[in-house]
Amino acid sequence: MNEITPMSDENGEVGNDGHSHAPAKLGYSPVAEIPHRLRVTDTDPKAARRAERQVASMFTLSMVFIILSVVAYVTIDKFAVVYIPVLGEVGASNVVLGLTFGIAVFLIGAGAIQWAKKLMPDVEVVQERHDMVSEKEDDNLAAANYERGREESGFARYKMIRRSLLGAMALLPIPIIVVLRDLWITPPGENPTEILSTTLWTKGKRIVSDGTYLPVRPEDLPVGGLVSALPEGILEVQEEEHNLNARGKAAIILVRMDPEQIRSQQGEGWDYNGILAYSKICTHVGCPIALYEQRTHHLLCPCHQSTFDLADSGAVIFGPAARNMPQLPISVDEEGYLISTQDFAVPVGPSFWERDRT
Amino acid sequence: MSTTTDHPVEQVGGATAKYVDQRLGSNKFLGRNLGKVFPDHWSFMLGEIALYSFIVVLLTGTFLTFFYNPSMVEVVYNGSYVPLKGVQMSEAYASSLNISFEVRGGLLIRQMHHWSALIFVAAMAVHMFRVFFTGAFRKPREFNWLVGVGLTALALGAGFTGYSLPDDLLSGTGLQIIRGILQSIPLVGTWAAFLVFGGEFPGTDIIPRLYAAHILLIPGIILALITVHLMMVWTQKHTQFPGPGRTNTNVVGYPLLPVYMAKAGGFFFIVFGIIALIGGLVTVNPIWIFGPYTPDQVSAGTQPDWYIGWLDGALRLMPNWESVIAGFTISWNVLIPSVVIPGILFTGLALYPFLEAWATGDKREHNLLERPRNAPVRTGIGVAAIVFYGILWIGGGNDVIAAAFSLSFNVLSWALRIGLIILPPIAFLITKRICLGLQRKDREKLLHGYESGRVLRLPHGEFIEVHQPLNYKELAVISAKDDLPVLPAPVKVDADGVRNPNYRVDQLRHKLSSFFLRDNIERPTDAEIEAGQAHAAHSAALEAPLHDYEELDQDPVGHGGVLHHPGMPMTNQEQVDQKQ
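Quick mapping for you: the protein sequence lines, in order, are chains A and B.
Residue numbers 1 to 358, in this note's numbering, belong to the letters of the first sequence in order.
Residue numbers 1 to 580, in this note's numbering, belong to the letters of the second sequence in order.
Treat the hints with care, since some could be wrong.
Only pairs whose alpha carbons sit at most 25 Å apart, straight line, appear in this in silico BS3-like list of lysine-lysine [stated by the list, open to error]:
1. A:Lys117 with A:Lys46
2. B:Lys237 with B:Lys363
3. A:Lys136 with B:Lys363
4. B:Lys481 with B:Lys237
5. B:Lys18 with B:Lys36
6. B:Lys36 with B:Lys473
7. A:Lys118 with B:Lys36
8. B:Lys85 with A:Lys78
9. B:Lys36 with B:Lys139
10. B:Lys363 with B:Lys139
11. B:Lys139 with B:Lys511
12. B:Lys481 with B:Lys441
13. B:Lys36 with A:Lys117
14. B:Lys473 with B:Lys441
15. B:Lys28 with B:Lys237
16. B:Lys139 with B:Lys237
17. B:Lys237 with A:Lys117
18. A:Lys117 with B:Lys473
19. B:Lys237 with B:Lys473
20. B:Lys139 with A:Lys136
21. A:Lys46 with A:Lys118
22. B:Lys511 with B:Lys363
23. B:Lys511 with B:Lys492
24. B:Lys18 with B:Lys28
25. B:Lys28 with A:Lys136
26. B:Lys237 with B:Lys36
27. A:Lys136 with B:Lys237
28. B:Lys511 with B:Lys481
29. B:Lys473 with A:Lys118
30. B:Lys481 with B:Lys363
Read the hints as simulated data drawn from the structure, not as lab findings.
Using the sequences and the hints given, assemble the complete structure.
What follows is the structure, encoded as structure tokens:
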């Protein structure tokens, strides 16, 4: 048992080496010099039968699990929840379907591999390789054919044809690129620079809080507080435009701090009694920002951690953003509600090529 | 098969085989290829995992298309997930919720789709490492490396477009970032962003467009490239690791039928089954928690899928440079990390096989894989690239890491910024040194055998450590090392006073070749190896009396501290003589 058997054996009598009885024409030979250890299944018929049973039972079990998965599909209520340790409360249907189907499929694979490992020959065989380069004969044939094609088509001779064809092929991609122009059907008179530079904020536009859409009074804001806000009428605009574009530009945050602590602003008197309004859209790549540290007046972007100092004109103090958070000048109207006094002075959101030409 | 008939195949495969063959001539192909030999090694399984998980991606993805609705039209959710009842959301998000809650098995398929996509990209990456570090990309397999690089890039594209489709808060934020990146491209960026999004961000066009790319364009190209990839493997025959009987001109392994087919086919079901199990047990991308996308909301600590993490990390670590030149804005802080760095990385990947072949002057065909230690510079470059990638990847989670370990993320970010520049070269040097050390060890083994760890005191009192000859397998593996000479330095003006017109190029090539090869520890000659192994065998034989002794029933006699029994040689020479 467990002999080291060199596979040079010609008569095919040694164990179950598999290939000793293969016709010589198949083009490979067992590796002669490599000692080969016979498996138990090669020498002990009992073990081989045991392996056979193992493989067959895996395939049979797979059938059982397939049926179970169908049963689970039909019987388990899709809203049923089970508690499973580690996983917690999970959907019963999902877990049982995954388990039954997964095990069924896995068993097919496990059976096949067990079969290959225990019962199929485990003798490595050798096949010769050949260089990828073509034989001289094929080479000549290819060259001759190419030469014939060149000659018969006159590709070399007809200079005019050749050049005009190349020209035509070179121009062909142009319309394919040109037709992409209307990926954005540009409304007359509009251009990206202008669109990116204007928002819904205008003189006297009321500020409403996000969620309730009710106008905000200065006294609604505690010192140290931060509120996400939008221009009044945003919902109507969304309804009309059928998109969220206006919201993506106009979103602001309102913060209130002790007026003493405001070191600088982007414009004279742009705050209202210590209430400052900043764009909510990060100047880096445009994530909405609302992580505010009250004590330091720092605003942190959750995406790439750019940090802005809201007490100091929204200046960048850390991270990859290059520009201050744009400030929105605010005041109150005669009814005491917060309003914007004009649009942002600079485009909000990420920079773009034409940004500083506006 | 002792009898031969006119149609031997008919005997084996029945009338069908004959029927098909008469129409397709398929037996010619089968006859040649059913016995095709595939070498075996655990690392060859990595590419298989990628292939099989891609098949699972296709199957599960097809199922999802039956239910998913790629529309950004706003609807009010009225499904069975109570927390979102009455919330405005896009149809895309609503249909993704329906797949998760209403369609039986839908969540399982969705999670299998996501998991298999993650595994697909991961397996590709590790497969690529294997190919790189073993030099499998060398001639004649450069084209297949290029196809692989293309597949990797496409896989990232497939992953990202798919990630964006549910239109939840997380995926929308990802799109917002893509918009920012597009806008940072000089000259055409603003328009590019408007064209891609069909106007302003977010618009209503992006989801249907991503859908077309995700289910048709990208998988179509991936499928075509995978076919080309496999056909090339088939034609060129798989590479193999060095080992007994394995040469550059043969392939040692198992024939396609039955062993390889059973193992590879079985492995497909294993991968499929494991993905189903993970999909059933482990939640991935629970979109219902994130809520529908709206451009003015975000949640903290959000992370992209793992393969996008390095790009996100690059965006985070980049210093905030921006310049205005002639009135035009260039956002280096976005352009460099998200366009320039990936561009350089992928271009470098694609060109590497050609650069290395040019630098080392190696024009031979390689079917035998190279052990990473035997190409110290390549291995060093690979490890340096992985370290670079790894730091960017860690950077992608710097907020989570800082929070988890109570670190200041400012300090962490700075450490990563500095690390990104200094750690890859350090990793290169360390890796190269380790490789050279292993090469020395190999040379030592070839010349003196391996240290058995058994110290023997010889009868005359000398202590030696017994060296054993290598076993046939290790000997074959180690002695397969393949040395290349450094390309000679070019002469500027030759003996006849003729100037070398390519002097500068040749000089550069000489330097690069020297960079790659000069520290190589040369493999001993065959004669030296033989002598070394014979010597080791000799030394090992010295110990034999001890072993012989253990077999005896007699009590050992102490002699000068050495176990000794009557008839044993007393001197070194005596012992050797006796053995011979």
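Outcome of the hint check:
{"no.": "1", "hint": "A:Lys117 with A:Lys46", "in the structure": "holds (16 Å)"}
{"no.": "2", "hint": "B:Lys237 with B:Lys363", "in the structure": "holds (19 Å)"}
{"no.": "3", "hint": "A:Lys136 with B:Lys363", "in the structure": "holds (19 Å)"}
{"no.": "4", "hint": "B:Lys481 with B:Lys237", "in the structure": "holds (21 Å)"}
{"no.": "5", "hint": "B:Lys18 with B:Lys36", "in the structure": "holds (22 Å)"}
{"no.": "6", "hint": "B:Lys36 with B:Lys473", "in the structure": "holds (24 Å)"}
{"no.": "7", "hint": "A:Lys118 with B:Lys36", "in the structure": "holds (21 Å)"}
{"no.": "8", "hint": "B:Lys85 with A:Lys78", "in the structure": "holds (18 Å)"}
{"no.": "9", "hint": "B:Lys36 with B:Lys139", "in the structure": "holds (21 Å)"}
{"no.": "10", "hint": "B:Lys363 with B:Lys139", "in the structure": "holds (7 Å)"}
{"no.": "11", "hint": "B:Lys139 with B:Lys511", "in the structure": "holds (22 Å)"}
{"no.": "12", "hint": "B:Lys481 with B:Lys441", "in the structure": "holds (13 Å)"}
{"no.": "13", "hint": "B:Lys36 with A:Lys117", "in the structure": "holds (18 Å)"}
{"no.": "14", "hint": "B:Lys473 with B:Lys441", "in the structure": "holds (16 Å)"}
{"no.": "15", "hint": "B:Lys28 with B:Lys237", "in the structure": "holds (18 Å)"}
{"no.": "16", "hint": "B:Lys139 with B:Lys237", "in the structure": "holds (13 Å)"}
{"no.": "17", "hint": "B:Lys237 with A:Lys117", "in the structure": "holds (23 Å)"}
{"no.": "18", "hint": "A:Lys117 with B:Lys473", "in the structure": "holds (21 Å)"}
{"no.": "19", "hint": "B:Lys237 with B:Lys473", "in the structure": "holds (23 Å)"}
{"no.": "20", "hint": "B:Lys139 with A:Lys136", "in the structure": "holds (20 Å)"}
{"no.": "21", "hint": "A:Lys46 with A:Lys118", "in the structure": "holds (12 Å)"}
{"no.": "22", "hint": "B:Lys511 with B:Lys363", "in the structure": "holds (18 Å)"}
{"no.": "23", "hint": "B:Lys511 with B:Lys492", "in the structure": "holds (15 Å)"}
{"no.": "24", "hint": "B:Lys18 with B:Lys28", "in the structure": "holds (12 Å)"}
{"no.": "25", "hint": "B:Lys28 with A:Lys136", "in the structure": "holds (24 Å)"}
{"no.": "26", "hint": "B:Lys237 with B:Lys36", "in the structure": "holds (9 Å)"}
{"no.": "27", "hint": "A:Lys136 with B:Lys237", "in the structure": "holds (21 Å)"}
{"no.": "28", "hint": "B:Lys511 with B:Lys481", "in the structure": "holds (23 Å)"}
{"no.": "29", "hint": "B:Lys473 with A:Lys118", "in the structure": "holds (23 Å)"}
{"no.": "30", "hint": "B:Lys481 with B:Lys363", "in the structure": "holds (17 Å)"}
The structure is consistent with each of the numbered hints, conforming to all of them.
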